[in-house]
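So the protein lines, in turn, are chains A and B. When we follow the working numbering, the leftmost residue of the first sequence carries the number 112, and every step to the right adds one. When we follow the working numbering, the leftmost residue of the second sequence carries the number 373, and every step to the right adds one.
No lab work stands behind these hints: they were computed from the structure. Each hint should be verified, as a subset may be incorrect.
[As the list claims (entries may be wrong)] Computed footprint of chain B on chain A, listed as stretches where at least three residues anywhere in the stretch have a Cβ under 8 angstroms from a Cβ of chain B:
no. : segment
1   : 245 to 255
2   : 263 to 269
3   : 272 to 281
Fair warning: this is a prediction, and the values are worked out from it, not measured in the lab. We put the CB at the ideal spot given by N, CA and C, even for glycine.
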Amino acid sequence: MHPHQSDHDHSPPAGEAPGYYEIMETAVRELLVERGMIDPGEIRRQIEVLDSRTPALGAKVVARMGRSELPGAASGQRARGLRGARHQLLRRHALIVLENTQTVHNLTVCTLCSCYPRPVLGLPPDWYKLKPYRARAVKEPRAVLAEFGTVIPDDSEIRVSDSTALVRYLVLPKRPEGTDAFDEAQLAALVTRDAMIGVVPVSL
Amino acid sequence: MALDIGRAPASVAAPPPEVVAPLGQTPLFSIGDRVRVSVRFPVGHYRVPNYIRGKLGAIEQVIKPRAVNNEEEGYGRNTGSEGFYYRVAIPLTLPRTDYAGSPEDGLRIEIFETWLERA
Numbered sequence: 112m113h114p115h116q117s118d119h120d121h122s123p124p125a126g127e128a129p130g131y132y133e134i135m136e137t138a139v140r141e142l143l144v145e146r147g148m149i150d151p152g153e154i155r156r157q158i159e160v161l162d163s164r165t166p167a168l169g170a171k172v173v174a175r176m177g178r179s180e181l182p183g184a185a186s187g188q189r190a191r192g193l194r195g196a197r198h199q200l201l202r203r204h205a206l207i208v209l210e211n212t213q214t215v216h217n218l219t220v221c222t223l224c225s226c227y228p229r230p231v232l233g234l235p236p237d238w239y240k241l242k243p244y245r246a247r248a249v250k251e252p253r254a255v256l257a258e259f260g261t262v263i264p265d266d267s268e269i270r271v272s273d274s275t276a277l278v279r280y281l282v283l284p285k286r287p288e289g290t291d292a293f294d295e296a297q298l299a300a301l302v303t304r305d306a307m308i309g310v311v312p313v314s315l
Numbered sequence: 373m374a375l376d377i378g379r380a381p382a383s384v385a386a387p388p389p390e391v392v393a394p395l396g397q398t399p400l401f402s403i404g405d406r407v408r409v410s411v412r413f414p415v416g417h418y419r420v421p422n423y424i425r426g427k428l429g430a431i432e433q434v435i436k437p438r439a440v441n442n443e444e445e446g447y448g449r450n451t452g453s454e455g456f457y458y459r460v461a462i463p464l465t466l467p468r469t470d471y472a473g474s475p476e477d478g479l480r481i482e483i484f485e486t487w488l489e490r491a
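Produce the complete structure using the sequences and hints provided.
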C-alpha cells in the first residue's frame, strides 16, 4: 500500500512474480484486517470504485470538449490547444485536454511512474507503466507512435506531455471526416482509451 | 451520469484590481518567461525527472489555482506548501542531443515553482 493517496502505483503488471512492495502490501493489508483497523469490505468497495472508472467516462469528457466552448477559449488557450478544467471526477488534480490538430499531435506519458487520469480512464494499460514506453516516449516518440501504427508526418509537431505531478491529461483526437452530423454520444462512442493517451487516432 | 465539465473553483476567478494579493499568492513566472530547471539531487521523494534538470524552457501556462507541493504531500504533509505549478515547454532536442525527429517536437511538463530558475 502506498504511503500517499496518489493515482500512481509501483506494482508490477499482472503475471509477474510478486515483488518486494507487493509482498509488503499484502503483509500490511493482512495485519490491518487482522487487527480490525480496516475490514475486507472496505477494500472490496475501493476496488469497486476503481473498476467503475472506465475510458467511457473520458470519452464523454473529450466528446463534450470537442463540441463546446469552455473556459480557456476566451483566454487564448484554445489557440495553443489547451483546455484546462477541474473536473468533479478528478478533484485532486488539474485536468488538461490536449487538442490534436492538422499540425500538432499530442502524446502523454509519465516518465517517473504511471501517473494517469484514472478517475476518467480507469487503470492504465500495462505498457503505459513499463519502462520501455516511459523512456522512449520522450526519447523517440515518432518511433513509439509508428509501433502503434501511427505515422506522424515530418512537418507535424509532436508534443509529449510528461505527467509527473499535479496535471493529468486527455488527448482530444482529431475529429474524423464524415462525423459532422454526429452528436456527443456518437462521438464519445468513437473515442478509445489509446486515442486519449495519444498513441492512435480516432477513425470511423 | 451527468458530467459537469469545466466548472472552475471560485478561487480561479480573478479578484478586482484594487485587491492586493498576499505575498506568495501570485505566480513568480508568467507565460513566455524563460526558465531553467534546477540541478539538484534531493534525497527522498521528488517529482522532477532527472532528464530535464538543468534544461532551458519557457513557461507555457500557469496552472491555477495554487496547489500543494507534491514532494511534501508524498510525506503526508498536505497543507502549508501551496504554490504554483507551471506547464513548461522544453524542446525535445535538449534532453536528448541524439533526438530523432523534427526540431519542432517538444516536451511539456508541469514543474513546481521551487524547481524553476529565471534564465
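Which hint numbers does the structure go against, in order from smallest to largest?
-> Violated: none.
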